[in-house]
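K.L.:
Can you make the complete structure from the sequences, with help from the hints?
Note that our numbering gives residue 533 to position 367 of the first sequence, counting from 1, and the numbers run on in steps of one.
To be clear, the hints were calculated from the coordinates, so they are not data collected in a lab. All clues given are correct.
Once the Cα atoms are required to be at most 27 Å apart in a straight line, the calculated DSS-like pairs of lysine-lysine come out as:
no.	residue 1	residue 2
1	Lys542	Lys478
2	Lys274	Lys285
3	Lys274	Lys260
4	Lys364	Lys431
5	Lys365	Lys431
6	Lys368	Lys431
7	Lys431	Lys478
8	Lys365	Lys285
9	Lys478	Lys531
10	Lys478	Lys540
11	Lys364	Lys285
12	Lys542	Lys531
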Amino acid sequence: MTVRVRMAPSPTGFLHIGGVRTFLFNWLYARGHGGECLLRIENTDTSREAADSVGQIEESLRWLGIDWDGEMRFQLDGADRCRAEAARLVAEDKAYEDDGAIRIRMPKEGVVAWDDAIKGRIEFPADQLEDMVILRSDGRPVYNYASPVDDWVDGITHVIRGDDHVSNTPKQIVVLQALGAELPVYAHAPNVFGEDGKKLSKRHGAVSVGEFREAGYIAPALMNFLALLGWAPDGETTIISRDELIERFTLERVGSSPATFDYAKLDWMNGVYLRDLGRDAYADALLTFLLEQGSEWDEARIREAAPIVQEKIGRLGEFADFVGFLFGDVAPDPALLDETVLTEAATRLETVEPWDAATIEVELKALCERLGAKPKTVFLPIRVAVTGSRISPGLYESIELLGRDATLARLRHGASIAG
RNA sequence: GCCCCCAUCGACUAGCGGCCUAGGUCACCACCCUUUCAAGGUGGCUACACGGGUUCGAAUCCCGUUGGGGGCACCA
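P.N.:
Encoded structure:
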């Protein structure tokens, strides 16, 4: 039997990172089993539909590198089929009319149970289940009816979804049984929480894929991180490629307890991926990112600056903070400047040849000896005067890139405002 | 209130009865390297929620307690 799964977002807003994590599990499972992965928008409730959220969803998935097979579908497209099946259920007395709506008969005794691929066996006492409305009085199918019908029609073999659907499952199983459909394998992945143990939301930090992208996380790092949230191939692996993920992913190894989203670890991991990029690939990624941000900085200049920040930043969004001094004026804090040092530095750098980091280094170190001062006390004012900050890329490289004229100008201006 | 699920370091997790005086990674602390910040290196800090069983032996199995989460709609 060919594996077929589906990713089923609601078009109620931007793609939530927790939802993406379960989509990733679906996708990894399908790709690892030579199966198909469908994308179905659960738009049964049109009132909650947010403008262009479908476009957002597609865009976010594409960016992450999660693809789907066939055309995107919409739950509403199956409404006619839902109505036809409901009529059949009524005819078979498995459902009945109630105030214009159609309700399905739930079993009155025993249990509704299934073997969850992640959580193991789960049983619900049948007396907990009320006869559920499947068709509203206006004829629109309800989610807990439309979803299993679609799964059946689409030939879904594995329903991999969030924990919050566990209590929907018995209802959907009853629907499927009434329909005479074969049951899919259910797998419920635990939720993703914020640091306080509550469902991950805006107040914890970024939650939509778009926000992570805008902050300068790169897709492979985010995918790696997400996959490890609630799943682990073993006790050691932390950095794992997309291909290896596909190869090693199994539902059995998805944990059953909820996971907390650790932003600090994501930062670290993103840095690992960023540093691992080749020089050109890094510059390309940076450039693409900045362009998306609407940056108008010179492309060649960005490429030049890329290598000196690669070891320094963990998110592409930090680029501007680090090398903004190459693209615009700086406003150094006078209290951190030192007139003597800056004047002397300007004098020495005025005639240095050639203008490169190595030579500048030699010159500045010689300056320290001449002033009989520790490198620390000499380099700080220079760094602040030149870059406007006490934190920057390597000083010599920064000076080289800035160029002689601008460097001298900033050194001298710094000396004049030193306090 | 009723039903379901969950429970190992601050975080993600490894562990599926003896290999555990509980391992890895992030975070944190210290030191080293060092022009700042990072990166890198070395070392350190912390965990089996609690109480009963079962067993020669339990983080691992069973029961209970506590704590957390989810659900009980003509929402998805």
